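Peer 1: What follows is each chain in one-letter form.
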Amino acid sequence: MNNTVKFKADFPLLGKPMGNNPLVYLDNGATTQKPLEVIKAITEYYDSFNANPHRGAYELSIKATDIYENARIKTQKFINAKYSHEIIFTKNATESLNLVAYSYGLSHVGAGDEVLIAISEHHSNLVPWQYVCQMKGATLKYIYLEEDHNLSQRDIEEKITEKTKVVAVAQVSNVLGLINPVKEIVARAHEEGAVVVVDGSQSVPHMAVDVQDMDADFFVFSGHKMLSPMGIGVLYGKEKLLNDMPPFLMGGDMIDYVEEQHTDYAPLPAKFEAGTQNVGGAAGLSAAIDYLNRVGFEYIEKQEKELTEYAISRMKEMDYIELYGCDSSRDNKTGIVTFNVKDVHPHDVSTIMDAHGVAIRAGHHCAQPLMIYLKQNATCRASFYFYNSKEDVDKFIEALSKVRGVLGLGA
Amino acid sequence: MELDSIYTELISEHSRSTEHKHHLECPNMSLKGRNPSCGDEITLELQVEDGYIKDASFVGIGCAISQASTSIMIDLIKGESVAKARHLANLFLRMIKREELTEDEEEELDEAFALKNISNMPARVKCAVLSWHTLEEAFKEAEGIQ
Chain A
1 MNNTVKFKAD FPLLGKPMGN NPLVYLDNGA TTQKPLEVIK AITEYYDSFN ANPHRGAYEL
61 SIKATDIYEN ARIKTQKFIN AKYSHEIIFT KNATESLNLV AYSYGLSHVG AGDEVLIAIS
121 EHHSNLVPWQ YVCQMKGATL KYIYLEEDHN LSQRDIEEKI TEKTKVVAVA QVSNVLGLIN
181 PVKEIVARAH EEGAVVVVDG SQSVPHMAVD VQDMDADFFV FSGHKMLSPM GIGVLYGKEK
241 LLNDMPPFLM GGDMIDYVEE QHTDYAPLPA KFEAGTQNVG GAAGLSAAID YLNRVGFEYI
301 EKQEKELTEY AISRMKEMDY IELYGCDSSR DNKTGIVTFN VKDVHPHDVS TIMDAHGVAI
361 RAGHHCAQPL MIYLKQNATC RASFYFYNSK EDVDKFIEAL SKVRGVLGLG A
Chain B
1 MELDSIYTEL ISEHSRSTEH KHHLECPNMS LKGRNPSCGD EITLELQVED GYIKDASFVG
61 IGCAISQAST SIMIDLIKGE SVAKARHLAN LFLRMIKREE LTEDEEEELD EAFALKNISN
121 MPARVKCAVL SWHTLEEAFK EAEGIQ
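In order, the protein sequences belong to chains A and B.
Here our numbering is used: position 69 in the first sequence is 69, and no number is missing along the way.
Here our numbering is used: position 52 in the second sequence is 52, and no number is missing along the way.
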């Protein structure tokens with residue numbers, strides 16, 4: 001049995017048909033499928049250990065607390081954070097970014113300051129910074145792109161200045177699929193005293209990440225894009241920064257003492273985890289990390305690279321396909337392939353591919369400023385994960401070759 | 001889902017048709033319609049005189065279904081009274097919402113009836129109704145001004 005067949009067997013949904021066709025799932029950039037092991041970990045939590053953690057002095061509550069806190073330690077090791085209390089559980093990367101924008105942004109960005117982000121940012125790492133800048137009278141600036149769709153080196157060098165308070169950038173763009181030079185950006189930002197927020201939503205599932213080596217001040221990602229359930233996400237922040245920040249959400253569990261007119265907040269990480277948390281989600285995340293560690297990022301990267309290179313080479317043979325972010329000269333391409341079919345709207349492409357069981361994403365990918373920058377109304381996106389096979393790519397190409405015909409256009 | 005029940009010849013012909021895709025020389029009503037989730041955007045232009053739609057056109061970007069639906073709609077409403085156009089929009093939206101139409105009502109919709117199958121595709125319903133909603137909104141807005 002080859003590796004992909006073996007992995008696919010772990011994912012119940014990947015074995016289910018879509019209409020009359022076997023499912024070819026190529027929307028992993030949006031969310032990945034879940035292995036049975038993860039689904040079982042969530043079920044096991046609810047059928048055997050469910051209680052409110054941190055609250056009760058009885059065995060179940062203690063067990064629930066263990067599951068939750070062990071997931072934190074596992075996450076800490078997974079991205080190599082220095083301390084487990086630097087890991088804050090949230091709902092998803094979006095909530096993590098909002099936490100940083102509201103708590104750090106609103107208290108550290110002032111009138112006349114600048115926030116610098118990339119034009120390729122997902123709305124979740126863009127709209128919150130727009131809001132911070134509007135509220136504080138600061139200016140939102142953009143790193144634009146080189147001709148090959150990598151971040152402009154010149155913008156990185158010139159637009160980080162003493163006015164810059166925050167640089168927010170994805171490690172991998174969810175549209176272009178290119179790895180950004182975050183380590184270099186962090187070093188440059190630190191020279192000017194700015195903090196750097198790295199969105200790892202499209203990197204953490206696909207490559208080994210070391211937040212200390214990267215020296216990011218904040219790093220966020222979502223569980224559901226890396227085999228975990230929806231509703232669990234992560235914020236990593238350097239201890240000192242998190243300690244100096246005001247809480248984002250307030251309520252139960254994030255306090256030490258509450259008096260009529262005064263509250264002492266709990267220490268990290270509880271300070272940023274108000275209310276009952278998603279313990280079942282944390283149990284799922286923990287199982288997902290175990291699964292990914294067993295597969296190994298060396299294999300994951302190799303498999304995705306092979307599939308991507310194969311897909312791009314096949315697509316380049318079709319003269320009516322336009323590709324975006326697929327000509328990088330830096331050997332930094334990940335498993336995201338964004339494209340358009342000439343004269344066909346992405347939603348029609350997606351509907352026609354769906355009729356062949358091939359699931360891809362069509363639209364603006366929550367990156368409207370990038371779409372405008374690329375002068376595209378919308379695009380199609382195929383995104384691979386380690387469980388995809390060369391046969392999946394073949395079926396994708398076969399379905400793609402039929403699109404124009406269905407609409408009465410020549411091939 | 002059968003593709004040929006969606007991308008029928010009629011729909012793909014209309015989606016490629018440029019007959020109504022241009023600006024009017026002197027429109028007295030113009031309204032933009034958008035599908036924020038997919039970025040589709042059309043601007044509907046109407047020349048309404050004495051309660052009749054003398055001329056109609058559209059410009060914009062969208063998928064085959066939204067473009068075809070718009071083209072068919074303009075075919076249907078051009079030359080008709082505003083009241084008739086609003087009645088047709090109401091019928092069309094009811095059809096897409098899978099409400100029962102009488103045979104006469106189905107006939108009134110003429111070519112637009114070809115879009116009925118879209119009602120089985122939740123992801124594409126908004127593409128089919130974009131122009132019709134925009135038409136309704138344009139008349140509602142005009143009422144508000146008067």
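Please keep in mind that the hints were generated in silico from the structure rather than gathered at the bench.
One should not assume that every hint holds.
Stated by the list, open to error - Cross-link-like lysine-lysine pairs, in silico, BS3-like; alpha carbons within 30 Å at most:
1. A/Lys16 <-> A/Lys375
2. A/Lys91 <-> A/Lys8
3. A/Lys375 <-> A/Lys402
4. B/Lys32 <-> B/Lys21
5. A/Lys6 <-> A/Lys77
6. A/Lys342 <-> B/Lys21
7. B/Lys32 <-> B/Lys97
8. B/Lys126 <-> B/Lys54
9. A/Lys342 <-> A/Lys305
10. A/Lys238 <-> A/Lys63
11. A/Lys342 <-> B/Lys32
12. B/Lys126 <-> B/Lys21
13. A/Lys342 <-> B/Lys54
14. A/Lys375 <-> A/Lys159
15. A/Lys183 <-> A/Lys91
16. B/Lys116 <-> B/Lys126
17. B/Lys54 <-> A/Lys16
18. B/Lys97 <-> A/Lys375
19. A/Lys77 <-> A/Lys141
20. A/Lys8 <-> A/Lys40
21. A/Lys375 <-> B/Lys32
22. B/Lys126 <-> A/Lys16
23. A/Lys375 <-> A/Lys305
24. B/Lys97 <-> A/Lys395
25. A/Lys402 <-> B/Lys126
26. A/Lys141 <-> A/Lys395
27. A/Lys91 <-> B/Lys126
28. A/Lys238 <-> A/Lys74
29. A/Lys141 <-> A/Lys74
30. B/Lys54 <-> A/Lys375
31. A/Lys16 <-> A/Lys91
32. A/Lys402 <-> B/Lys140
33. A/Lys402 <-> B/Lys84
34. A/Lys342 <-> B/Lys126
Stated by the list, open to error - Partner residues aside, some chain B positions facing chain A, computed with beta carbon under 10 Å:
35. Asp40
36. Thr102
37. Glu107
38. Met121
Note that the coordinates shown come from a computational prediction; the quantities given were computed from them, not determined experimentally.
C-beta atoms are modelled at their ideal positions from N, C-alpha and C, and glycine is treated no differently.
Peer 1: Look at each hint and say if it fits the structure.
Peer 2: Here is how each hint holds up against the structure:
1. A/Lys16 <-> A/Lys375: Violated, at about 38 Å.
2. A/Lys91 <-> A/Lys8: Cα-Cα ~27 Å, so holds.
3. A/Lys375 <-> A/Lys402: Holds. A/Lys375 to A/Lys402 sits at ~25 Å (cutoff 30 Å).
4. B/Lys32 <-> B/Lys21: 14 Å, holds
5. A/Lys6 <-> A/Lys77: 27 Å, holds
6. A/Lys342 <-> B/Lys21: Holds: A/Lys342 and B/Lys21 sit about 19 Å apart, inside 30 Å.
7. B/Lys32 <-> B/Lys97: With Cα atoms ~23 Å apart, B/Lys32 and B/Lys97 stay inside 30 Å; holds.
8. B/Lys126 <-> B/Lys54: 27 Å, holds
9. A/Lys342 <-> A/Lys305: Distance of about 26 Å is within 30 Å: holds.
10. A/Lys238 <-> A/Lys63: Holds, at about 28 Å.
11. A/Lys342 <-> B/Lys32: 25 Å, holds
12. B/Lys126 <-> B/Lys21: 20 Å, holds
13. A/Lys342 <-> B/Lys54: Given that 30 Å is the threshold and the Cα spacing comes to 35 Å, the pair is violated.
14. A/Lys375 <-> A/Lys159: The hint holds at about 23 Å.
15. A/Lys183 <-> A/Lys91: 26 Å, holds
16. B/Lys116 <-> B/Lys126: 13 Å, holds
17. B/Lys54 <-> A/Lys16: The hint is violated at about 53 Å.
18. B/Lys97 <-> A/Lys375: Violated, because 34 Å separates the two Cα atoms, which is more than 30 Å.
19. A/Lys77 <-> A/Lys141: Violated. A/Lys77 to A/Lys141 sits at ~34 Å, over the 30 Å cutoff.
20. A/Lys8 <-> A/Lys40: 16 Å, holds
21. A/Lys375 <-> B/Lys32: 20 Å, holds
22. B/Lys126 <-> A/Lys16: Given pair B/Lys126, A/Lys16 holds - Cα atoms ~28 Å apart, limit 30 Å.
23. A/Lys375 <-> A/Lys305: Satisfied, since the Cα-Cα distance of roughly 28 Å is no more than 30 Å.
24. B/Lys97 <-> A/Lys395: The hint is violated at about 34 Å.
25. A/Lys402 <-> B/Lys126: Distance ~24 Å between A/Lys402 and B/Lys126 Cα, so the pair holds.
26. A/Lys141 <-> A/Lys395: 42 Å, violated
27. A/Lys91 <-> B/Lys126: 29 Å, holds
28. A/Lys238 <-> A/Lys74: Roughly 17 Å between the alpha carbons, so the hint for A/Lys238 and A/Lys74 holds.
29. A/Lys141 <-> A/Lys74: 36 Å, violated
30. B/Lys54 <-> A/Lys375: Violated, at roughly 35 Å.
31. A/Lys16 <-> A/Lys91: 28 Å, holds
32. A/Lys402 <-> B/Lys140: Not OK: A/Lys402 and B/Lys140 at ~42 Å, beyond 30 Å, violated.
33. A/Lys402 <-> B/Lys84: 40 Å, violated
34. A/Lys342 <-> B/Lys126: 23 Å, holds
35. Asp40: Holds: closest Cβ of chain A sits about 8 Å from B/Asp40, inside 10 Å.
36. Thr102: 30 Å, violated
37. Glu107: 26 Å, violated
38. Met121: 7 Å, holds
Against the hints set out earlier in the document, violations occur for numbers 1, 13, 17, 18, 19, 24, 26, 29, 30, 32, 33, 36 and 37.
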